[in-house]
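Enquirer: Input sequences plus hints: build the corresponding full structure.
Protein chains in written order, with full-length UniProt numbering: chain A, 1 to 233; chain B, 1 to 233.
Heads up, some of the hints might be wrong.
Since the list can't tell identical chains apart, any single copy or any two copies may satisfy a pair.
What the hints assert, rightly or not - No more than 25 Å apart at the CA atoms, straight line, and that leaves these computed lysine to any residue pairs for SDA-like:
no., residue 1, residue 2
1, K73, D171
2, K73, A174
3, K73, A89
4, K73, G162
5, K73, E61
6, K73, G90
7, K117, E207
8, K117, G162
9, K73, A152
10, K73, S15
11, K73, P18
12, K117, Q95
13, K117, R98
14, K117, E219
15, K117, L97
16, K117, H141
17, K117, V222
18, K73, T120
19, K117, S105
20, K117, V195
21, K117, D229
22, K117, P94
23, K117, A167
24, K73, F118
25, K117, I230
26, K117, E164
27, K117, L132
If you're looking for bench data, these hints aren't it; they were derived computationally from the structure.
There are 2 protein chains.
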Amino acid sequence: MSTPGRGLHGHVLESLGPAITAGEYPPGSVLRTDELAQRFDVSRSVMREAVRVLESMHLVESRRRVGVTVRPKAEWNVYDPQVIRWRLAGADRPQQLRSLTVLRSAIEPVAAGLAAKFATAEQCARLTECALGMVANSRGHQLEGYLVHDVAFHRVILEASGNEMFARLGDVVAEVLAGRTHHEVMFEDPDPAAVTLHVQVAEAVREGDGERAERLTREIAVGALQELDILAP
Amino acid sequence: MSTPGRGLHGHVLESLGPAITAGEYPPGSVLRTDELAQRFDVSRSVMREAVRVLESMHLVESRRRVGVTVRPKAEWNVYDPQVIRWRLAGADRPQQLRSLTVLRSAIEPVAAGLAAKFATAEQCARLTECALGMVANSRGHQLEGYLVHDVAFHRVILEASGNEMFARLGDVVAEVLAGRTHHEVMFEDPDPAAVTLHVQVAEAVREGDGERAERLTREIAVGALQELDILAP
DNA sequence: CGCTCATAAAAAGTCAGACTTATTCATACG
DNA sequence: CGTATGAATAAGTCTGACTTTTTATGAGCG
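Expert: This is how it looks when you write it as structure tokens:
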């Protein structure tokens, strides 16, 4: 699923990236390229390439005579899929999952509203198909099958919105949903109400009722927020 | 404001990045590192670093024996601030502006709702200050002064939401607003209704009325969408 | 004619070493 | 006490040789 560290610099990144995003090197920590090259047993050219990538993610800053400085979390490119993966895999997982779920709750209703206006016939068909798949896998501990259709459903919505930036959140949503199924509490069958809501969203999109699609998707989002205890009592 | 190309590889990026995002090299185009190094008159090491950064942005893919292949737009990391800047500076500007405005319209209302719950006293004060600044600069062709406070206002909202991913959209919103003032149609004074809405959002946040803050911000968003003729008649 | 497998070519990938340059810190000087 | 000078340091750059992977070519054979 995720990009395996291709090339030596990729291997270095797969080790350094998670370490930095996990906070192993606190903001302001200074690393030296030569030392890192020795530690990872690679040439300086390779190490420099890795540092350049980390720099482009705003995880570190490289300055002459100083070294490679770790930047504060507030400056990281938190939308970089790679950064998201690293954080989801490490100690930052809970906070990352919450941030992403809130982000979803903001984006997906609007995306669904747009999808109702712009979805093609083929996309409507795929959407209905996904909803049916969710129903079919909603009982009897078929969590994996349910997940596949759930992910596909949200991907179609985001793509059908016609907004390229929404569409690019498909992978992120996929990882959040997968995370919920595999790591978080999801032992029993999914909430029947949620399943019904998905079916109804598919209906609304098919009928071109943007307002209803948005409202229903917002209900789904509320459910996702409640699962993580994100709500104001 | 934007990061000037620091170092040789940065200079190369500032030339190659905009070219690729502008579609000068159609998806599937193949570049060769050595040739690029010659063209930009830099060493291969420097060129390789630049390619690595482009690769981390998913703008290109580097494969042995093949070369550096330009990836289709659908795979780009469109949330990378650098990519956004490049696209805003080039031929893709209109589409990028529309995508970002739709994104804003989804995010900011939710952010305002959260801000009403989590904003500190200091943030509330700053917000009110910004709103007053907007009012003070709303008449008499003081567009620059208005812009400064408008940008600050939205930054505070996004930060006060308490969501790190929302907060990181501050720079993006700043560029969208600056773009509207400087490049798009914004000759006359800003819409008085919009100014009032901002003042009211500040009120709602101060009073902790999340629902009202969200609704009012959604109205602001509708205005922004209409400016770009994004609406379903 | 079409298939498989060996061979060659091409381009990225890697490494080592020498050199340059900017920045910082310490010291001496006015 | 502030400023200029200089030395130390780590990133930055370049070069050239070598390795590795992948693709294309073509020879041989069924």
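Enquirer: Run every hint past the structure and note whether it holds.
Expert: Okay, the hints, checked on the actual structure:
Taking identical chains as interchangeable, the C-alpha atoms of K73 and D171 lie at most 25 Å apart whether they share a chain (22 Å) or sit on different chains (16 Å). Taking CA atoms no more than 25 Å apart as the test, K73 paired with A174 passes in both settings, with 24 Å inside one copy and 20 Å between copies. Taking identical chains as interchangeable, the C-alpha atoms of K73 and A89 lie at most 25 Å apart only when both belong to the same chain, with a minimum of 16 Å there against 27 Å between chains. Proximity of K73 to G162 under the C-alpha cut-off of 25 Å is restricted to the inter-copy arrangement: shortest distance 14 Å between copies versus 32 Å within a copy.
Taking identical chains as interchangeable, the C-alpha atoms of K73 and E61 lie at most 25 Å apart only when both belong to the same chain, with a minimum of 13 Å there against 28 Å between chains. In the homo-oligomer, the alpha carbons of K73 and G90 lie at most 25 Å apart inside one protomer (14 Å), although the nearest pairing across protomers, at 30 Å, exceeds that limit. In the homo-oligomer, the alpha carbons of K117 and E207 lie at most 25 Å apart inside one protomer (9 Å), although the nearest pairing across protomers, at 36 Å, exceeds that limit. Taking the closest pair of Cα atoms, K117 and G162 come within 25 Å of each other only inside a single copy of the chain (9 Å); across copies the shortest separation is 32 Å, beyond that limit.
When the C-alpha separation of K73 and A152 is checked against a cutoff of 25 Å, the pair qualifies only between copies, where the shortest distance is 21 Å, while the shortest distance within a copy is 32 Å. For the identical chains of this complex, K73 and S15 are intra-copy neighbours only, at 18 Å inside a copy versus 29 Å across copies, given an alpha-carbon limit of 25 Å. In this homomeric assembly, K73 and P18 come within 25 Å of each other (Cα to Cα) only inside a single copy, at 13 Å, whereas the closest approach across copies is 27 Å. In this homomeric assembly, K117 and Q95 come within 25 Å of each other (Cα to Cα) only across copies, at 18 Å, whereas the closest approach inside a single copy is 34 Å.
Proximity of K117 and R98 under a CA criterion of 25 Å is satisfied inter-copy only: 16 Å between copies versus 30 Å inside one chain copy. Proximity of K117 to E219 under the C-alpha cut-off of 25 Å is found in both arrangements, the shortest distances being 20 Å within a copy and 20 Å between copies. For the homomeric pair K117 and L97, the shortest alpha-carbon distance between copies (20 Å) is at most 25 Å, but the shortest distance inside one copy (30 Å) is not. For the homomeric pair K117 and H141, neither the shortest alpha-carbon distance inside one copy (35 Å) nor that between copies (38 Å) is at most 25 Å.
Taking the shortest Cα distances, K117 and V222 sit within 25 Å of each other both inside one copy (23 Å) and across copies (17 Å). Taking CA atoms no more than 25 Å apart as the test, K73 paired with T120 passes between copies only; the shortest distance there is 20 Å, against 40 Å inside one copy. Taking identical chains as interchangeable, the C-alpha atoms of K117 and S105 lie at most 25 Å apart whether they share a chain (20 Å) or sit on different chains (17 Å). For a Cα distance limit of 25 Å, the shortest separation of K117 from V195 inside one copy, 23 Å, qualifies, whereas the shortest one across copies, 30 Å, does not.
For the homomeric pair K117 and D229, the shortest alpha-carbon distance between copies (15 Å) is at most 25 Å, but the shortest distance inside one copy (33 Å) is not. Taking the shortest alpha-carbon separations for K117 and P94, only the inter-copy value of 21 Å comes in at or below 25 Å, while the best intra-copy value is 35 Å. For a Cα distance limit of 25 Å, the shortest separation of K117 from A167 inside one copy, 15 Å, qualifies, whereas the shortest one across copies, 30 Å, does not. Taking the shortest Cα distances, K73 and F118 sit within 25 Å of each other only across copies (20 Å), while inside one copy they are farther apart (37 Å).
With identical chains, the CA atoms of K117 and I230 are at most 25 Å apart between copies only, with a shortest distance of 12 Å across copies and 30 Å within one. Taking the closest pair of Cα atoms, K117 and E164 come within 25 Å of each other only inside a single copy of the chain (15 Å); across copies the shortest separation is 31 Å, beyond that limit. Taking the shortest Cα distances, K117 and L132 sit within 25 Å of each other inside one copy (22 Å), while across copies they are farther apart (38 Å).
Hint check: a violation occurs at hint 16 only; the rest are consistent with the structure.
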